[in-house]
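S.K.: Chains L and G, in that order, give the protein sequences.
Under the numbering used here, the residue at position 115 of the first sequence is numbered 115, and the numbers go up by one with no gaps.
Under the numbering used here, the residue at position 80 of the second sequence is numbered 80, and the numbers go up by one with no gaps.
One should not assume that every hint holds.
To be verified - Here are some of the chain G residues that sit facing chain L, going by a computed Cβ distance under 10 Å:
1) A3
2) P52
3) F58
4) G69
5) Q70
6) W71
7) T122
8) N144
9) F224
10) I230
11) T232
12) T234
Stated by the list, open to error - Computed cross-link-like contacts, DSS-like style, restricted to lysine-lysine with a CA-CA straight-line distance of at most 27 Å:
13) K280/L to K76/G
14) K107/L to K373/L
15) K117/G to K57/L
16) K76/G to K70/L
17) K85/G to K70/L
18) K40/L to K89/L
19) K196/G to K117/G
20) K107/L to K191/L
21) K76/G to K325/L
22) K320/L to K76/G
23) K352/L to K373/L
24) K280/L to K196/G
25) K217/L to K65/L
26) K70/L to K40/L
27) K320/L to K65/L
28) K65/G to K283/L
29) K28/L to K320/L
30) K212/L to K373/L
31) K196/G to K57/L
32) K325/L to K65/L
33) K128/L to K214/L
34) K65/L to K117/G
The hints are simulated quantities; they were obtained by calculation from the structure and are not laboratory data.
Just so you know, even glycine gets a beta-carbon here, dropped at the ideal spot from N, CA and C.
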Amino acid sequence: MKKLLVMMLAMCMLAGVAFAAGPSIDLKTASWDSVVAAAKAEGSVTFYAWYFPDYFKEAAADFEKQYGIKANVIIGDQTANFNKAIAEKDMQTGTIDTMIVGGQWVKTTTDLNLFYGPIRNILPDASKFLTNSWELQEGVLINGYLAPFHRNQPGILYDPDRVKDPPQTWTELVAWINAHPMEFGFCDPSKGGSGQSFVHTAIGALAGGLDKYKGDKELVPAKVANWDLVWKWFNDNKDKMTITVSNNDSIIRMNGGEISMTVAWDDNVKDMISKGNLFKRAKMYIPKMGLAGGGDTLGVLKNAPHKAAALVWINFIQSKEQQLKKFQMVGAYPARTDMTIEGTLLTEEDRKNNAIPWFPAPYKDFMIKEFVKNVLMK
Amino acid sequence: MAATKQKNLWYVRQARRKRRFTTLLTVFFILVQVIWVGVPIFMTVLWSLVDPSHPWSFPNILPEKLSWGQWIYVFKYTNILRALKTSYTLAPCAVLLSFLFSLPTAYVLGRKQIPGKKFFQTIVLLPIIMPGMVVALFLSRVFNAFGLAQNFFGLVLAHTLMGLPYMIRVLTTSFEAIPQDVIDAAENLGANTFVKIKDIFLPMVRPGLLAGMIFAFTTSIEEFNLTFIIGTPTFETIPTILYSFLGYNFIRTNASVVALIMMIPNIIMLFAVENFLKSDYLSASLGKL
Numbered sequence: 001m002k003k004l005l006v007m008m009l010a011m012c013m014l015a016g017v018a019f020a021a022g023p024s025i026d027l028k029t030a031s032w033d034s035v036v037a038a039a040k041a042e043g044s045v046t047f048y049a050w051y052f053p054d055y056f057k058e059a060a061a062d063f064e065k066q067y068g069i070k071a072n073v074i075i076g077d078q079t080a081n082f083n084k085a086i087a088e089k090d091m092q093t094g095t096i097d098t099m100i101v102g103g104q105w106v107k108t109t110t111d112l113n114l115f116y117g118p119i120r121n122i123l124p125d126a127s128k129f130l131t132n133s134w135e136l137q138e139g140v141l142i143n144g145y146l147a148p149f150h151r152n153q154p155g156i157l158y159d160p161d162r163v164k165d166p167p168q169t170w171t172e173l174v175a176w177i178n179a180h181p182m183e184f185g186f187c188d189p190s191k192g193g194s195g196q197s198f199v200h201t202a203i204g205a206l207a208g209g210l211d212k213y214k215g216d217k218e219l220v221p222a223k224v225a226n227w228d229l230v231w232k233w234f235n236d237n238k239d240k241m242t243i244t245v246s247n248n249d250s251i252i253r254m255n256g257g258e259i260s261m262t263v264a265w266d267d268n269v270k271d272m273i274s275k276g277n278l279f280k281r282a283k284m285y286i287p288k289m290g291l292a293g294g295g296d297t298l299g300v301l302k303n304a305p306h307k308a309a310a311l312v313w314i315n316f317i318q319s320k321e322q323q324l325k326k327f328q329m330v331g332a333y334p335a336r337t338d339m340t341i342e343g344t345l346l347t348e349e350d351r352k353n354n355a356i357p358w359f360p361a362p363y364k365d366f367m368i369k370e371f372v373k374n375v376l377m378k
Numbered sequence: 001m002a003a004t005k006q007k008n009l010w011y012v013r014q015a016r017r018k019r020r021f022t023t024l025l026t027v028f029f030i031l032v033q034v035i036w037v038g039v040p041i042f043m044t045v046l047w048s049l050v051d052p053s054h055p056w057s058f059p060n061i062l063p064e065k066l067s068w069g070q071w072i073y074v075f076k077y078t079n080i081l082r083a084l085k086t087s088y089t090l091a092p093c094a095v096l097l098s099f100l101f102s103l104p105t106a107y108v109l110g111r112k113q114i115p116g117k118k119f120f121q122t123i124v125l126l127p128i129i130m131p132g133m134v135v136a137l138f139l140s141r142v143f144n145a146f147g148l149a150q151n152f153f154g155l156v157l158a159h160t161l162m163g164l165p166y167m168i169r170v171l172t173t174s175f176e177a178i179p180q181d182v183i184d185a186a187e188n189l190g191a192n193t194f195v196k197i198k199d200i201f202l203p204m205v206r207p208g209l210l211a212g213m214i215f216a217f218t219t220s221i222e223e224f225n226l227t228f229i230i231g232t233p234t235f236e237t238i239p240t241i242l243y244s245f246l247g248y249n250f251i252r253t254n255a256s257v258v259a260l261i262m263m264i265p266n267i268i269m270l271f272a273v274e275n276f277l278k279s280d281y282l283s284a285s286l287g288k289l
């Protein structure tokens, strides 16, 4: 009996080791064909997202058809997805293979060392994406651990029936806000990237430009010393603006007529129009004062049970066909640079001239915390 | 004679005043119900029927065109059917287990004098006082360690834990309300423990039990955090779908559809349970019926 128990325990341990070890090949050095073969042997992939259920469900069907690998798509909530990934971080084998990494989670997840990688050198189409998008996301160095899969960009969304001459510069925007109290909205930066982008622009306009932060790896206190001017401006004008609770809330409030101009993500806007949640007459542009954009990325969890399948899934989502399909279905702008797209909400000219990069992550973190402390809590 | 007439007139006036007051109260009640319950449900139904190609936007008071487009979208692109099946299998199991766990606890807290009784009564409420995600994150470690994550029994246990505080609290109050003289009288007439449970305790706590069941059932149906952390990807429940439309990525039309899907069976259950609540043993025991 004792012998039997010892044998069973040994078998369980062996099975555990084999299961946790994942594919028998070294994914970082193996050929792509071997990765695909390993993925097929794994048989399935579990992917966590929090938006575009329609696109991802269709992509999962296409993926299964092409590779014979079952893609289990779970559409959850952004925060809940990351809480789950973090809760499972110390488990030898987790339950998530790959997930979308939203801009505001890049720093936290990178600091926690949550993802497997670097995956850039494994994926065959990596060179078709901007080099910078593999290295830096939202001001955080990602060193090829996270894969870009769409480029989204905040812009100013407005109702052309109520806004005849939308502002381009900071001075014009301030004048417009003064002339139309409460009609301009932006999202609480601790709740959504579009709000962060707006506050980032405000810092550039009110605290001496954004160039001085370039290349800083740590926050330099002297450079943020005059940010109190920014918080003062927000406090002085708080009663003339509407601070919303999420990216989508800004759009919903505009649809309901509460505000007539807001900062919003281009893909969010297209998605909301296609689902009947925003009027079709809505227009959008990137103002000359500039707004920082980005794009969500995909990561493979370090303790993913199906790492090879996760890599094949990411490669599939990055493929030309899927990038195009995603744009056609939900309006998310492709991250690939080797394809041209028509019918975008924001013009190519706007993207080229007025989309600006983020300042480094330590400043962004500081900006969000200080905004909450100095504006929202006052 | 005149005095009697005067008195009768006074009674008639009083009756009229009472009737007017009752009518006023009824109108007020209906008004509150319409504003509090009717309008949100009506708006949810309307939003769930907004045609995707005809947005319901300012300045339109009502949607331009209604269609089943949003419903078709939810059924086509989410795992709602799988979630419905899981939710409505999970909830009855969790209610049953909550009942079994809470009955002895509630009996002791309601009928026995034990040291630290108030403390225990407060402690059992902790899971509902603490933020859901905090409870979920801590409990998930325990569930993972005991191999209870990603399996149905683990989920039943998790939902039971979330429903227990309600069940224990309501049942404790029911046990406390049973008059001691009824129990004494039964004992004097020779009732043994089994008879006391069957003829006194169970009938008298039944309204409380049913109320506790409703709480435990709706808690299970609405539970998101723990289910998401320890249940997905193997199991999805209705709130895991609802939160994808209601959380960070708020899409009102789709959220309305899922909310209605979640609400309709609950309303049917509430009406069904209401029938059981009608026979009030407690009032009968006190001679109030």
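S.K.: Within a Cα-Cα threshold of 27 Å, do K212/L and K373/L meet the stated pairing?
M.R.: 24 Å, holds
S.K.: Hint check: is the beta carbon of Q70/G less than 10 Å from a beta carbon of chain L?
M.R.: At 7 Å from the nearest chain L Cβ, Q70/G passes the 10 Å test, so the hint holds.
S.K.: Mind checking the alpha carbons of K65/L and K117/G for me, to see if they're no more than 27 Å apart?
M.R.: Not satisfied, since the Cα-Cα distance of roughly 62 Å exceeds 27 Å.
S.K.: Sort out whether K320/L lies within 27 Å of K28/L, counting only the CA atoms.
M.R.: OK: K28/L and K320/L at ~23 Å, within 27 Å.
S.K.: Run the distance test for K280/L versus K196/G: straight-line Cα separation, threshold 27 Å.
M.R.: 69 Å, violated
S.K.: Verify the proposed pairing of K76/G with K325/L, using a straight-line Cα cut of 27 Å.
M.R.: 18 Å, holds
S.K.: Would the stated hint for T122/G survive a check requiring a Cβ distance to chain L of less than 10 Å?
M.R.: Where the cut-off is 10 Å and the nearest Cβ of chain L is about 27 Å from T122/G, the hint is violated.
S.K.: Can you confirm whether the C-alpha distance between K70/L and K40/L stays at or below 27 Å?
M.R.: Distance of about 9 Å is within 27 Å: holds.
S.K.: Take the C-alpha atoms of K280/L and K76/G, compute the straight-line distance between them, and say whether it is at most 27 Å.
M.R.: With a Cα-Cα distance of about 24 Å, the restraint between K280/L and K76/G holds, given a limit of 27 Å.
S.K.: Tell me if the interface restraint on P52/G is satisfied: Cβ within less than 10 Å of some Cβ in chain L.
M.R.: 4 Å, holds
S.K.: Regarding the pair K117/G and K57/L, is the alpha-carbon distance no greater than 27 Å?
M.R.: 53 Å, violated
S.K.: Holds or violated: the hint that T234/G contacts chain L, with Cβ atoms closer than 10 Å.
M.R.: 8 Å, holds
Consistency note: the structure conflicts with the earlier hints numbered 1, 6, 7, 15, 23, 24, 25, 31, 34.
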